[in-house]
Amino acid sequence: MSKGYHIVVCGGIVPDPLQRLEPVSTPSGPALRNEMMLPAVLDPWAASALYEAAALAKKMPESKVWLVAAGPKAKLQQVMMVTGQKVPFELVAIDAPAGGFTESFAVAGLLAAAIKSIPGLDYSRLLVFGGWESASRGAGSTLQAVGELLEISAQFQGVDELAVAEDGSFTVLERVEGGRHQVSKCSAAPAVLGWATGNLAEPPNNPQVGMANMRAIMPALQKAKAEKLSAEGLSFQHVALPAEQRETRIVKDTPVDVIANEIVDWLRGAN
Amino acid sequence: MESNVVVKESGTQRAAVPVLQTLPGDDVRQIMWRYADRYDIQMAVQSARSVARGPVARLVAEGARNTHEWTEEKSRLYDAFDDSGITAIFLDPEHGGFIEGPKNLALALAAFELAWVDGGAATCSLATNLALSPIHERGTQEQRTHYMAGSAPRKPGEDRIPYRGAFALTEPLPYVGVETSMLSGKIRVAEWKEGGEPVLQVEKRGRFITNIAFANFVTAAVASDDPRIKGSCMVILEESDPGLFDRGAHTKKLVHQLSSTGDPVLNLKVPASRIIGGYTIKDGVIIPRFAHGDVIEAVFRRTRVPVGLMTSAKLLSAVEPVIRYQRQRFRGAEGGSPGSPRYELGLQQKEDTLHRLLDVWGVGEAGASFGFFASRMLDEFDPIEREKDRIFAEQGKESARAQMKELARFEPLAIELIALEAKKVRTAEEEKRREELLAQPLVRFAQLDAQVNVYGPAVKLWNTAVGATMMREAVNLMGGYGITEDCPGFVGQKWMDAQLEATYEGPESVQRRQLSVTMLNEVFLAQLRVWLKEMREIGRERAGTGACALATGLELWLKTLEYLQSAKDASGGRLYSNNRQGVTFALADALCWLLSSRSLILDVIELEERGVENPVLAEGLDGLVAFYTDLSHAQVARSCGEAGRICAELIYGYQRHPAWDDADNNGSCRAQDADALDAIIPGIGAGVRGYGDVLEMDELRPNKAGPCFVPHGIDGFIRLRAKLDGCLCGCRLAKDRAAAALTKVMIPETLDYPI
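Listed in order, the protein sequences are those of chains A and B. Numbering-wise, the numbering used here puts 27 at position 27 of the first sequence, and it's gapless, one number per residue. Position in the second sequence (first residue = 1) + 1000 = the numbering used here.
Since the hints were made in silico from the structure, they are not lab data. By construction, the Cβ of each residue, glycine as well, lies at the ideal position given by its N, Cα and C atoms. Check before you lean on any hint, since a few could be wrong.
When the alpha-carbon atoms are kept at most 30 Å apart in a straight line, the in silico DSBU-like pairs for lysine-lysine are as follows [claimed, not checked]: (1) B:1155 / A:64; (2) B:1744 / A:73; (3) A:3 / B:1155; (4) B:1155 / A:58; (5) B:1424 / B:1559; (6) B:1155 / A:59.
Simulated restraints, written as ranges between beta carbons of each label pair [what the hints assert, rightly or not]: (7) B:1383 / A:163: 52 to 62 Å; (8) B:1750 / A:167: 42 to 52 Å; (9) B:1716 / A:22: 53 to 63 Å; (10) B:1145 / A:258: 29 to 39 Å; (11) A:166 / B:1146: 43 to 53 Å.
Here chain A stands alone, though its shape is the one from the complex (with noise of 0.2 Å):
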């Protein structure tokens, strides 16, 4: 293969996973308790695809790779700081309420256009990347509707593994039931990849990326249109919080076949 992939990974931001968080009502629907003001992070799945992105696109040679972000610009700003510093790309932001309440159709819309509109993209190499699910709500559909939008049929979710072959097909694995993964061969981009979590670990910051990724992250930031989300036909009867089970025992020095034996008879016992 000539040339590398145009990669375009669709994220959003979400609250601190530590964060408490706390469902309430607004008169313009369901919020979180404070949401504005709690630390954000990159949606750890999407954080998953950036970094599966960063590691193909430093593989295959002439590869670039951008992130298009929706959420409140200052809110993205600060994520930046951390995500700028991991991985080189380029921003693509979108200026637009971010969180588990939108309406995911809507949100690919927002994320369709703004991919259409980078300029030089080549869509004969276009692999869009983003989370399979996400840590705000999971709807789970956002990645499948920016692919139609985009009119890319070629789709995949979650992806735990893609390997790219000298005449430019590739292969994915993705996950299916019972721990198993469905081994799918594609002959050519553009597609589009839903990943779960890949086998990456999160690479460490890096100023000398970050510093030179907000040459251009800045300006994107600065220059993000205000969007506003639609949600025509949308309404929430009952927002709540995963009941929370939580047996914590702090031990200490317990030996893994221990741990493993506890694991398994609880399993039993639950059953």
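Model the placement of chain B on the given structure of chain A, informed by the hints.
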């Protein structure tokens, strides 16, 4: 939507009180500490945080602090520092760094982030910078390029071993540290071939030297032991130099175990080009360009500030775990079901726990404001100092004495500039004059130098000394849990660590000694008087911050200084003199309390004014500002209380208490005399009893030590002291409001680092 205000009823009035919604996050800190526009610094903060709350916290949680030795696990910290860019913060871009220009604020923030979890890790990260600082501040261009670039993290594919440095000033007993002018390290000429570069024999025994277990170079302070070398200098030693590079025994520290400390023995031959800053040869004598004292002065004025901030980070890091502990204290016990005050608030039902936590928070917050103010001041000062060095180098005035003499000429101009800048409205002539003065680098230097010379030791002293004591309060607030290894937030370890921070890089007495001299500088005092007026003006607009009380506190301090400088004690001895540390050191302490509160007030105002520009804060800004205003007020009251107490002790404490049998005692009168006068001057009998000692009919003398002291010549002080007490009006109401906010603030589910 939930309201972010609560309505408080007081009599017939109803007032909406904004509520503190969350603990302050990055958006708030970036505004308060003035790096909202610096994404390079924001990234450095995030990098340091990721290392602190990842590898560092895991090491602590796994018990790595339980060994004195420098282990393989601990040494991986440096890899983490390199990988995340922490090592590179100190370096200029041409040497592998990523931050252009001065880096004091960036380094201070990185140290703050690391110390949020572990002070030893912060020290470890700072130690190589400390070793590099003499080279950075006073090294030759060649030395700078070689050692700075060599300290940069490896790039992919490089097999270079980066430089890791240690700074060796402190001497073995009996010269432990404090008397930095006495060095036992020696330097002699070992070989000197005609026309060639001299080779020097350097002997140095260090004590409590950080990073020594793995340092591959040492910057050491040594004195000449050879008539062919003049004075003292600092010299760079490498582990590969011929001779002895014995890293010595590990120091058995009870604290900061994530930094390596030991007592090295070094006896090495090095070329003379290792003398930091270079040298000249005159009449066969090597004359180092900088004496060791010149070098360390330049170094310590910068490096002590981050140490002060490390202790402040500990205090602020304790807030969240303490709140969580207090709220959850009774959960699971009988009699407290979800929704009940006992279950939801736990110990926070008790006012005392809230007030004490506010004391911890207030000192931590004021210390952080103080330290970051000083860091920003150093960032402003760096280029001005470089320009001063350039000017003096051109004039051939490189010795400290020659520079001091020359700079004295600029001090009156600096004072004039301060006065002009303080004017809100300037005439065209004044504006022209101001610009003329600003254009003179040595005037600006004199102005800032006077402040830096106070702020460096003041931050180190106050933040660590008061901070260490206040950390004990944080431990106390965690109950028995506080002194266990399992305490969330490692609060117990931080308490002990704070004591070392109060000691290294110059213990408290060194900082007080320096302050006792620098705070008398007329340029600084002129600036302080301007700040006093500034606080009055702030007080007019924002009474709730306590700024007006602080202004009175500053006025009282100045009045006390003025008195002490001319007054004598009961034996006729001078009160303000070098050896009278009971006076000078105490007055230095009082000043630190006041200056730290001033920084906090300025940061609260910055938050209020700039916070509105950040949409992320829109929802909670009112609550944040209200809380911080109250916290500031409470902290100002504490500061003024301390300063007032110290000043009163100094004013009254050196007067001998009058005795009944003093020859000149006429401080009492007889009751019948006073009552007789009542007929002529109604009320005088009661008035005299209120003012002085009156001997009643049935007694010879009142049952007390002697007549009350009747002050003379300190009326101004007495009035100010009384005024200051009155200025405390409302400070406890502010504390009550802040305490109420602590019961409502939302905290995360759990700490973001392991325990």
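Problem set entry | Violating hint indices (sorted, rising) | Per hint list: single violation, 10.
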